[in-house]
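When you get a sec, could you build the whole thing from the sequences and use the hints?
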Amino acid sequence: MDSIIIIISVFILLGSFFILVSAIGILRFKDLYGRLHATTKATSFGILLLIIGVSLFFNDITVYTKAFLIVFFVYLTAPLAAHSITKSFFQKNKKTKT
Amino acid sequence: MKLLKLLYYIPEFLVFYLIKLLQSNFQMAYIILSPKMNTTAEFIEFPLEVKSSAGLLLLTNLVSMTPGTLSADISNDKKILLIHALLMSNDQNTVGEIESIQKRILRLTN
Amino acid sequence: MIATIPETVLYIAFAFLMLAMIITLVRLLKGPSINDQIAAMDLIASIIIGLVLVYSVLINNAMYFDITVILSLVSFIGTIAISTYLSQKNG
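Going down the list, the sequences are from chains A, B and C. Yeah, the first sequence ends on 1342 if you go by our numbering, and it's all consecutive. Yeah, the second sequence ends on 200 if you go by our numbering, and it's all consecutive. Yeah, the third sequence ends on 115 if you go by our numbering, and it's all consecutive.
Treat the hints with care, as some may be off.
Pair by pair, the computed Cβ-Cβ distance ranges are [claimed, not checked]: (1) B:Gln182 to C:Ile83: 44 to 54 Å; (2) B:Leu147 to C:Ile91: 25 to 35 Å; (3) A:Ile1305 to C:Ile83: 18 to 28 Å.
What the hints contain is simulated information worked out from the structure, not anything from laboratory work. On a predicted model such as this, the values are computed, not experimentally measured, just so you know. The beta-carbon is built from N, C-alpha and C at its ideal position, and this holds for glycine as well.
And the structure:
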C-alpha cells in the first residue's frame, strides 16, 4: 500500500525532471542539431516515465491500452519529426549557399 | 523454425532497445546539466545494408535513440545514412555500435 | 486507483513542467531560424501532454487519457506539415 505510492511518485517526478532537462537542453545548445538531440531523446523518455506512473495510479485495463498506444505513437513519431526538421534545414542551407 | 527464432529475437531486441534508451537518456542529462558542454559535433556517413522500409524505419528510430547519435538524412537511392554524432571523441566506437544494431535488424527482418 | 498521491509531489511536478514551458518559450521567441521555432513548438506540445497527465492524477479522472492520444497525433502532424511546407518552398 505504501510502496506503490512511492513508486508512482518517483515515476512522476523523474518524468517531469527529464522534460525539464530537455527544455534546458533546447536553451543551452549552440546549434540546431544539438537542440534536436535534446528534444528527441529526453522528451520522449520523460513522457514514457510519466505515462507509466499515471497508468500505475489508475490501474485499469483501458488505461493500460491507451498508455501503450501513446507510448507507441510518441516513440514512432519523435525521430520522424526530428528527421523532417533537419531535412528542411538542409534544403534551406543549400539554397542560401548557391 | 523461423517462428521459433522470431520468438527469441523479438524479446531480445526489446531488452536491447530498453538498455540503449536508459543509457542514452542518462548520458543526455549528464551532458546538458554539466556546467560547460564540451561537445564536438560532426556528421558521419554510414553505408546502409537494410533494404526493406520497415527495417529502415526501425534502424533510423534506433539510431536516434542510441546515445549521442541522430539520424539526419537518407540518400535517394537508400544506400547512405547521414548521422549526426554529438560526441566525436570515439569515432570508431560509434560506427561499430551502429553496425551491431544493423546486424540485429537484418536478423529480425529476414 | 489504489491510493492517493501526496499533493506536494504533484505540485513539484507542475513546477518542473511550468519551468520547462517558460524556458521553451524563451527559445521560441529567440530562435535564430524558423526550424528552431518548430522544434520548440514540438517540445511545448510534449510539455502540455505532461501537464494533462499530471492534472488527471490530481483530479482523479481517467478520461483525460483520451486528450493525450489526440494531442500526440496532432502535434506530430503539425510538425510534419510545417517542415514539409518549408522544404517545398525552398527546394
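Against the structure, the hints come out as follows:
Between glutamine 182 (chain B) and isoleucine 83 (chain C), the C-beta spacing of about 53 Å keeps the proposed range 44 to 54 Å intact. Restraint check, leucine 147 (chain B) to isoleucine 91 (chain C): a C-beta distance of roughly 27 Å satisfies the suggested window 25 to 35 Å. Isoleucine 1305 (chain A) and isoleucine 83 (chain C) have their C-beta atoms about 21 Å apart, which keeps the hinted 18 to 28 Å range intact.
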